[in-house]
Amino acid sequence: QSALTQPASVSGSPGQSVTISCTGTSIDVGNYDLVSWYQQHPGKAPKLIIYEVTKRPSGISDRFSGSKSGNTASLTISGLQAEDEADYFCCSYALSPTSIYVFGTGTRVTVL
Amino acid sequence: QPQLQESGPGLVKPSETLSLTCSVSGGSISSSEYYWGWIRQPPGKGLEWIGNIFHSGSAHYNTSLKSRVTISVDTSKNQFSLNLRSVTAADTAVYHCARLLRATDVFDVWGHGTMVTVSS
Chain A
1 QSALTQPASV
11 SGSPGQSVTI
21 SCTGTSIDVG
31 NYDLVSWYQQ
41 HPGKAPKLII
51 YEVTKRPSGI
61 SDRFSGSKSG
71 NTASLTISGL
81 QAEDEADYFC
91 CSYALSPTSI
101 YVFGTGTRVT
111 VL
Chain B
1 QPQLQESGPG
11 LVKPSETLSL
21 TCSVSGGSIS
31 SSEYYWGWIR
41 QPPGKGLEWI
51 GNIFHSGSAH
61 YNTSLKSRVT
71 ISVDTSKNQF
81 SLNLRSVTAA
91 DTAVYHCARL
101 LRATDVFDVW
111 GHGTMVTVSS
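Keeping their order, the protein sequence lines are chains A and B.
Sequential numbering from 1 applies to the first sequence in the numbering used here.
Sequential numbering from 1 applies to the second sequence in the numbering used here.
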């Protein structure tokens, strides 16, 4: 099962919006609304920020939003802040004979 | 909010067995709401799901690793463990344990991860 494809890096200035794509196939992202997004600061545990494509856990800022079209899911960070500088990765449930969960390749967000 | 903490050797010799334990605090591993999983990230690469286990002992594995992996659970200690046999340098990675919420198939709580290097 191949990893979901994400851009290696995106950047933006404070206050701007950035969008991270997560491209899979018809057996994972395209087949299930079970895409989640995680934020990971260096040396820290990954933190869930979006689940079921668009939902935010309690306590997560509404500056984070998710969407999906076809085989591609997206995470948008609005009103970029310095604390948003981190690694972000997606995950999808998959109809796969090898791995029922597949992760993205990861994206480093840099706040300029 | 529960916390998960990985523990185990940071260095394993090739062909030997990698053994890690995840200790769960602030919640019961016997809850029927959750699976408990292992995920790894080799240096410079993406994350790879290794497998999940339910408190009953029922487990699911990534078939690419299935012949070498065993995940077990000890409800009395509120812990679950990973054994990966016949390791090679390709198994060098940061290993995370995580809690999987069954209702939404999401890994909602993660451990910080522990680096395991396979080298002689």
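FYI, nobody ran anything at the bench for these hints, they're computed from the structure.
There could be a bad hint or two in this list.
[Stated by the list, open to error] Straight-line Cα separation of at most 30 angstroms, DSBU-like style, residue types lysine-lysine; simulated pairs: (1) K55/A - K77/B; (2) K68/A - K77/B; (3) K13/B - K68/A; (4) K13/B - K77/B; (5) K44/A - K55/A; (6) K45/B - K68/A; (7) K44/A - K66/B.
To see whether the hints hold, each was checked on the structure:
Restraint check: the Cα-Cα separation between K55/A and K77/B comes to about 33 angstroms, which exceeds 30 angstroms; the hinted pair is violated. At roughly 41 angstroms between alpha-carbon atoms, K68/A and K77/B are farther apart than 30 angstroms, so this suggested pair is violated. Taking the CA atoms of K13/B and K68/A, the gap is near 43 angstroms; set against the 30 angstroms cutoff, the hint is violated. Straight-line distance between C-alpha atoms of K13/B and K77/B comes to about 28 angstroms, which keeps the hinted pair within the 30 angstroms bound.
A threshold of 30 angstroms between alpha carbons decides the hint, and for K44/A with K55/A the separation of about 23 angstroms falls inside it, so the pair holds. Restraint check for K45/B and K68/A: the C-alpha separation of about 24 angstroms stays at or below 30 angstroms, so the hint holds. This hinted pair checks out: K44/A and K66/B have alpha carbons roughly 28 angstroms apart, not beyond 30 angstroms.
The structure fails to meet hints 1, 2, 3 from the earlier list, while all remaining hints are met.
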